[in-house]
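Going down the list, the sequences are from chains H and C. For the first sequence, my numbering assigns the number 41 to the initial residue and increments by one for each residue that follows. For the second sequence, my numbering assigns the number 82 to the initial residue and increments by one for each residue that follows.
Mixed in with the good hints, there may be bad ones.
Quick list of in silico lysine to aspartate or glutamate cross-link-like pairs, DMTMM-like style, CA-CA up to 25 Å [claimed, not checked]:
#1 C:K94 x H:D220
#2 C:K94 x H:E186
#3 C:K94 x H:E187
#4 H:K116 x C:D208
#5 H:K116 x C:D169
Okay, the calculated bits of chain H under chain C, using three or more residues with CB under 8 Å as the criterion [what the hints assert, rightly or not]:
#6 161-174
#7 273-287
#8 308-314
DEER-style ranges, computed between Cβ atoms [claimed, not checked]:
#9 H:E227 x C:Q99: 30 to 38 Å
#10 C:G258 x H:R156: 30 to 38 Å
#11 C:T180 x H:D140: 26 to 34 Å
The set of hints was computed from the structure by calculation and includes no laboratory data. Ideal placement from N, C-alpha and C gives every residue a C-beta, glycine not left out.
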Amino acid sequence: MPALPPLPLAGEGRGEESCSTDAPPAHRPPVAALRAAAGVGLRAPHVREILAGRPSVAWFEVHSENYYADGGPALKALDRIRADYPLSLHGVGMSLGSSDPLDRNHLGKLARLVARTEPALVSEHLCWSGVGGRHLNDLLPLPYTEEALDHVVARVGQIQETINRELLVENVSTYLAFADATIPEWEFVAAVAERSGCKLLLDVNNIYVNAINHGFDPDRYLAAIPAAAVAEIHLAGFDATGPCVIDTHGARVAPAVWSLYERAVARLGPRPTLIEWDVNLPEFAVLQEEAATAQSILESHVAIAR
Amino acid sequence: MRSLAELQRDFAKAIVAQDGVAPAVFIGGADSVIERMAIYRRAVFANYRNALAATYPVVRQLVGAPLFNAAVDAFVRARPSTSGDLNDYGDAFPAFLATCALPDGPPFLADVARLEWAIDESHRAADAAGTPDLVLASLAAVPADRLPKTTLHLAPSCRLLASDYPILAIWKANPPGNAGDATLAFDACADALLLRRDAGGIGIERLAPGDYAWLAAVAAGATFAAAIEAALRADAVFDLDRALHTHIGAATIVSIGVP
Numbered sequence: 041m042p043a044l045p046p047l048p049l050a051g052e053g054r055g056e057e058s059c060s061t062d063a064p065p066a067h068r069p070p071v072a073a074l075r076a077a078a079g080v081g082l083r084a085p086h087v088r089e090i091l092a093g094r095p096s097v098a099w100f101e102v103h104s105e106n107y108y109a110d111g112g113p114a115l116k117a118l119d120r121i122r123a124d125y126p127l128s129l130h131g132v133g134m135s136l137g138s139s140d141p142l143d144r145n146h147l148g149k150l151a152r153l154v155a156r157t158e159p160a161l162v163s164e165h166l167c168w169s170g171v172g173g174r175h176l177n178d179l180l181p182l183p184y185t186e187e188a189l190d191h192v193v194a195r196v197g198q199i200q201e202t203i204n205r206e207l208l209v210e211n212v213s214t215y216l217a218f219a220d221a222t223i224p225e226w227e228f229v230a231a232v233a234e235r236s237g238c239k240l241l242l243d244v245n246n247i248y249v250n251a252i253n254h255g256f257d258p259d260r261y262l263a264a265i266p267a268a269a270v271a272e273i274h275l276a277g278f279d280a281t282g283p284c285v286i287d288t289h290g291a292r293v294a295p296a297v298w299s300l301y302e303r304a305v306a307r308l309g310p311r312p313t314l315i316e317w318d319v320n321l322p323e324f325a326v327l328q329e330e331a332a333t334a335q336s337i338l339e340s341h342v343a344i345a346r
Numbered sequence: 082m083r084s085l086a087e088l089q090r091d092f093a094k095a096i097v098a099q100d101g102v103a104p105a106v107f108i109g110g111a112d113s114v115i116e117r118m119a120i121y122r123r124a125v126f127a128n129y130r131n132a133l134a135a136t137y138p139v140v141r142q143l144v145g146a147p148l149f150n151a152a153v154d155a156f157v158r159a160r161p162s163t164s165g166d167l168n169d170y171g172d173a174f175p176a177f178l179a180t181c182a183l184p185d186g187p188p189f190l191a192d193v194a195r196l197e198w199a200i201d202e203s204h205r206a207a208d209a210a211g212t213p214d215l216v217l218a219s220l221a222a223v224p225a226d227r228l229p230k231t232t233l234h235l236a237p238s239c240r241l242l243a244s245d246y247p248i249l250a251i252w253k254a255n256p257p258g259n260a261g262d263a264t265l266a267f268d269a270c271a272d273a274l275l276l277r278r279d280a281g282g283i284g285i286e287r288l289a290p291g292d293y294a295w296l297a298a299v300a301a302g303a304t305f306a307a308a309i310e311a312a313l314r315a316d317a318v319f320d321l322d323r324a325l326h327t328h329i330g331a332a333t334i335v336s337i338g339v340p
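With the rest of the complex left out, here is chain H (with noise of 0.2 Å):
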């Protein structure tokens, strides 16, 4: 067969060379629970880097969706970097709060991926994605009601179930507020976890992009939240240059977010903390400054503690 030139095809890993075996590394590290350390999200531009360089990051997460595949060059990428890392899987695309029934097909496709990468984490969003068969494949608003209370703690133990695992449900920005909402978004979030026994993965950079864009208290969310409750933290940052403050997960953390994330450390203790970075990806090594950063504030946190 003729040698072609690299393909031009986007997706994590691909172009990756493959190894031979399919079956979990031998020397993987047993799943144990996350240590409060720094991690990153693994982005398909980073990965030959890591695999070439193995840097020292504390964790990884990943997009599940993005090794849902039945094989292929990403999921063999994957395999070789949870051999030396601590994984966590974040889902995108379960529309948790949807009130169309879940997705078998997509549950399955995790749960078989979790079993294959036995994670440390496993989480997805509080929010719903698809309505009627059509998916809109992005993370909307829900309303903040005792029906859609009710309904996305049914599905938290329907997904719970499935994986044998308990989910952290993560809190997302939301530009639009429904006026039928009885609840506040805190004791909303602080009940889905109350309620169905999941974790929370607190989004820090969130709590305060919606507290701009729904004028709210930011610490009056953070005191909301059950401390034993919050199993990881996500910092990310934002674009303020519109009407409203839009979470891009495309730039560094702002100062405002790094002064909220001190101040939930202080409330909720040291946790795995993620830099998201999505849009307009920088070079690895800015990644692992916002990670040392975020590092030194849990480190600074554990010293106060002693």
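Use these hints to put chain C onto chain H, whose structure you have.
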């Protein structure tokens, strides 16, 4: 109070609608609500444009970004995504390009799009087990009376694609970002292509008519005997022994099924 399902249906309708539409179910003045609904609408459509640009980079290069984006927007409205995994979306895009979005576009456009979708599928297909030696040995061990009804199995990443146009040459000549030549001399006419993923990535080769007919029959589940008949109809001097060794050796055929 509206139900969750009603609120979500109205929201989805507003996303798909043109700018300036938002249901009256949100907090805030009408102008502010319409402006904020537009943030979601822009994000949703940008997401699909980016996803399909990643799957169809050469189609985008051939028609240019403005036409490509307009075609994606129309496609999203006409053939919405039904999966939470965006990697699944876009298999109907080639046919949509030819019939709805760009009916006056280059005649080969839909076939180049089919090639790009095949590449995308091949990337995501299951890994193959079995080595050429193993396949040849198991084929040699089949009793003569059972050979006609034996089936051959292609690697999951294999895709066969035929076109009336030289789509492989067009695809190679128009990588994204290059000022390629979309109007290649049509000295070569039809293409019969085999795609297969190996450790180095996706390989694409042009097949002779007999080999293409034979592998297409094999892919469709034909028996050993029926596949040979199909090959001979396309090429009266089809050489089975050569074809077997070539395509088992290249790990295109990765296992057999003995009746």
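Hints and how they fare:
For the given pair, K94 of chain C sits about 18 Å from D220 of chain H by alpha-carbon distance, which is consistent with the 25 Å threshold. Our distance criterion of 25 Å between C-alpha atoms is met by K94 of chain C and E186 of chain H, whose separation comes to about 24 Å. Distance check on the hinted pair: K94 of chain C and E187 of chain H sit about 21 Å apart at the alpha-carbon level, within 25 Å; holds. Of the pairs offered as hints, the one joining K116 of chain H and D208 of chain C holds, with about 10 Å between alpha carbons and a cut-off of 25 Å not exceeded.
As the CA atoms of K116 of chain H and D169 of chain C are separated by approximately 20 Å, the hinted pair is consistent with the 25 Å bound. By the rule of at least three residues with a Cβ nearer than 8 Å to a Cβ of chain C, the coverage given for the segment 161-174 of chain H holds, with 7 such residues. Counting residues of the segment 273-287 of chain H whose CB lies closer than 8 Å to any CB of chain C gives 4, so the stated coverage by that chain holds, three being the minimum. Beta-carbon proximity to chain C at under 8 Å applies to 0 residues in the segment 308-314 of chain H; the threshold of 3 is not reached and the given coverage is violated.
One distance hint, 30 to 38 Å for the beta-carbon pair E227 of chain H and Q99 of chain C, holds here, with the actual separation near 36 Å. Look at G258 of chain C against R156 of chain H: about 35 Å separates their beta carbons, and that is inside 30 to 38 Å. For the hinted restraint 26 to 34 Å between T180 of chain C and D140 of chain H, the CB-CB distance of approximately 29 Å keeps it satisfied.
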